[in-house]
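Which chain is which? The protein sequence lines are A and B, in order.
Read in order, the letters of the first sequence are residues 7 to 353 in the working numbering.
Read in order, the letters of the second sequence are residues 7 to 353 in the working numbering.
Just so you know, these hints were derived from the structure itself, not from any lab.
Where hints are given, some of them may not hold.
Given that identical chains are not distinguished, each listed pair holds provided it fits within a single copy or across any two copies.
Cross-link-like lysine to aspartate or glutamate pairs, in silico, EDC-like; alpha carbons within 20 Å at most [what the hints assert, rightly or not]:
(1) LYS289 - GLU81
(2) LYS289 - GLU93
(3) LYS37 - ASP145
(4) LYS213 - GLU112
(5) LYS213 - GLU142
(6) LYS120 - GLU78
(7) LYS150 - ASP249
(8) LYS31 - ASP242
(9) LYS213 - ASP96
(10) LYS37 - ASP242
(11) LYS37 - GLU181
(12) LYS271 - GLU350
(13) LYS246 - ASP62
(14) LYS31 - ASP316
(15) LYS51 - GLU350
(16) LYS43 - ASP244
(17) LYS51 - GLU294
(18) LYS150 - GLU350
(19) LYS271 - ASP296
(20) LYS289 - GLU109
(21) LYS37 - ASP244
(22) LYS246 - GLU112
(23) LYS271 - ASP219
(24) LYS37 - ASP316
(25) LYS153 - GLU350
Number of protein chains: 2
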Amino acid sequence: MELKLALIGFGVVGRGFTDLIVRKKDYLASKYGLNVKLVGICDIKWGSVINTSGLDPLKALTAVWAGKSLEEVFEGIKGARALEFIELSDADVVVEMTWTNIETGEPGLSHIRKALNLGKHVITTNKGPIVLAYRELTDLARSKGVKLLFSGTVMSGTPSIRTLIRGLAGCYVNEIAGILNGTTNYILTKMEDGLTFEEALRDAQLKGYAEADPSMDVDAWDPAIKIAILANIAFDADLKPKDVVRKGIRGIRLEDIKDALRRGKRIKLVARAWRDSSGIKAKVTPEEVDINSFFGQVSGTTNAVMYSTDSLGDVYLIGRGAGGEEAGQAVLADLIELHSLLEERIR
Amino acid sequence: MELKLALIGFGVVGRGFTDLIVRKKDYLASKYGLNVKLVGICDIKWGSVINTSGLDPLKALTAVWAGKSLEEVFEGIKGARALEFIELSDADVVVEMTWTNIETGEPGLSHIRKALNLGKHVITTNKGPIVLAYRELTDLARSKGVKLLFSGTVMSGTPSIRTLIRGLAGCYVNEIAGILNGTTNYILTKMEDGLTFEEALRDAQLKGYAEADPSMDVDAWDPAIKIAILANIAFDADLKPKDVVRKGIRGIRLEDIKDALRRGKRIKLVARAWRDSSGIKAKVTPEEVDINSFFGQVSGTTNAVMYSTDSLGDVYLIGRGAGGEEAGQAVLADLIELHSLLEERIR
């Protein structure tokens with residue numbers, strides 16, 4: 007089946023995904039019977055273009071690599087801003103990969119609402135809209151008979167969400183625990199090598215793991231959002247980031263790390279969600295974990311999640327949690343799942 | 007949607023699954039819209055009964071717990087042997103959970119062929135038919151427009167197969183490595199505590215982890231079958247158990263284990279599959295792994311698998327690999343996936 011895609015956001019994630027559909031064109035066709043037709047790209051920096059007869063994805067990548075606007079190199083409807091772009095695009099699937107404002111979820115939230123209301127399937131890697139409007143958006147998608155897939159919002163391409171929804175389908179999840187932020191885990195790992203927090207943070211910034219303003223990571227907002235997303239799926243809850251008890255890693259001293267190591271422990275920023283008699287709870291706090299444990303072995307930018315279940319006990323999934331190609335892979339896996347469901351509809 | 011199920015095999019796995027559909031009846035209906043109607047059970051020991059107006063699953067469990075034949079407690083068509091049972095059952099889904107002969111795949115292989123040829127969906131936990139006739143059975147299912155799901159064949163309910171097929175959809179897998187046999191891992195863990203191989207094996211037999219004839223486990227046939235199944239999925243191959251280079255753990259001495267520990271290593275029975283220029287390769291052999299690694303932390307009956315991929319690097323999944331409830335959960339997850347696909351057909 008051919009699926010017509012419109013991309014909103016052509017940054018690291020958008021280009022990571024586009025690179026995959028270029029490289030894997032034949033593989034997707036032969037293995038899954040999936041043909042991707044790119045009918046529009048809309049980006050605040052690289053311009054907006056729609057062409058219902060198709061845009062060559064390699065040409066889009068080449069243009070941006072050369073610093074050229076997409077509007078320079080493609081024919082079609084040009085300059086449409088995102089909401090209008092969604093209306094005009096004639097896409098089956100809108101892929102939302104813009105930057106997130108985690109207070110408002112905008113502009114992604116409006117893009118997703120618009121696309122769903124027009125009866126288009128949506129795939130997003132955008133955490134803000136999903137965590138702030140989980141219930142509203144999943145209900146809206148259901149009422150419109152379309153799919154909303156967002157596996158890239160937690161642990162990037164490592165399939166934490168798909169494992170929860172599909173792999174553990176039918177299980178009751180009692181608790182979720184995770185090392186969900188690679189930047190802070192990298193800093194804590196570097197501190198074990200003897201760097202102070204400030205030195206390790208600077209190193210992470212130099213390597214591109216931490217932003218100039220590192221507060222989303224070191225103050226634990228990012229893992230708070232991710233654990234809320236997982237909790238909302240697992241417990242059918244509607245937690246917002248502010249509902250998550252949150253303590254970052256700024257206060258951790260080199261001597262705390264060394265003292266823990268002497269006792270066979272490592273300090274990790276652990277996100278947890280669970281249910282008790284008073285409802286659904288979530289927190290992100292530094293914890294001491296045994297070196298001799300799965301979490302104790304998660305070093306550098308690696309992420310991990312543990313689902314504690316009724317029938318299977320504790321199930322661990324461990325892998326990378328960030329990167330353009332990794333996030334692109336999350337979108338690709340969502341697209342393949344969507345395609346397999348749509349194939350059933352036309353049987 | 008209501009799905010009519012016929013169960014073949016009412017041993018540990020069949021009863022584990024049946025127990026789940028009793029306990030989770032309301033949960034399955036409210037969360038997934040799935041209503042399970044049991045229309046037949048066929049077991050070599052407990053008898054065979056078909057009743058298209060439905061069999062009470064709790065009554066079936068109670069009968070067997072009390073040592074009674076199913077034919078004693080239910081009305082309906084009684085005594086049909088498996089192939090005839092499949093024909094008469096009027097089921098949408100045949101769940102095949104019999105004992106495996108790994109040389110022939112029988113009797114499960116004939117059951118699965120029959121059900122698929124009659125246009126019935128099949129869910130199985132039966133490794134033999136899947137490893138011996140992977141290509142044939144998946145092609146047959148496709149040609150009949152029905153689904154063949156077998157996630158319980160590797161790592162039981164821990165979703166190793168669903169992660170490979172769904173979670174990593176779109177990835178190229180370059181290598182698979184796994185600790186896929188809980189019995190041998192339990193024996194090796196006990197040997198670290200100072201037991202000899204013979205003592206540890208006896209302990210595993212007392213606990214019910216090892217059979218009286220332990221050769222399927224200790225001679226590595228079981229993990230050889232499992233790695234062949236994973237390789238066949240990942241690499242679209244058609245490996246048989248005999249194609250897997252195989253070395254078990256009988257030759258491992260206590261002093262080997264101790265010597266490895268002194269060097270910061272543990273001996274694990276590791277299954278591997280990979281592709282190189284001359285084709286698809288697989289082996290199961292004892293390997294020394296670092297204590298400070300994910301595999302090094304897999305102790306007792308726990309299983310683990312690592313998929314080495316192009317876009318995501320190494321992805322680890324760790325959890326239990328055996329047990330009646332765990333295998334029942336694998337069948338349940340398959341059933342929920344099947345149901346979600348069939349729901350699309352009737353939209």
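- Task: Give me the numbers of the hints this structure contradicts, sorted from smallest to largest.
- Result: Failing hints, ascending: 1, 2, 4, 5, 6, 7, 9, 12, 13, 15, 16, 17, 23.
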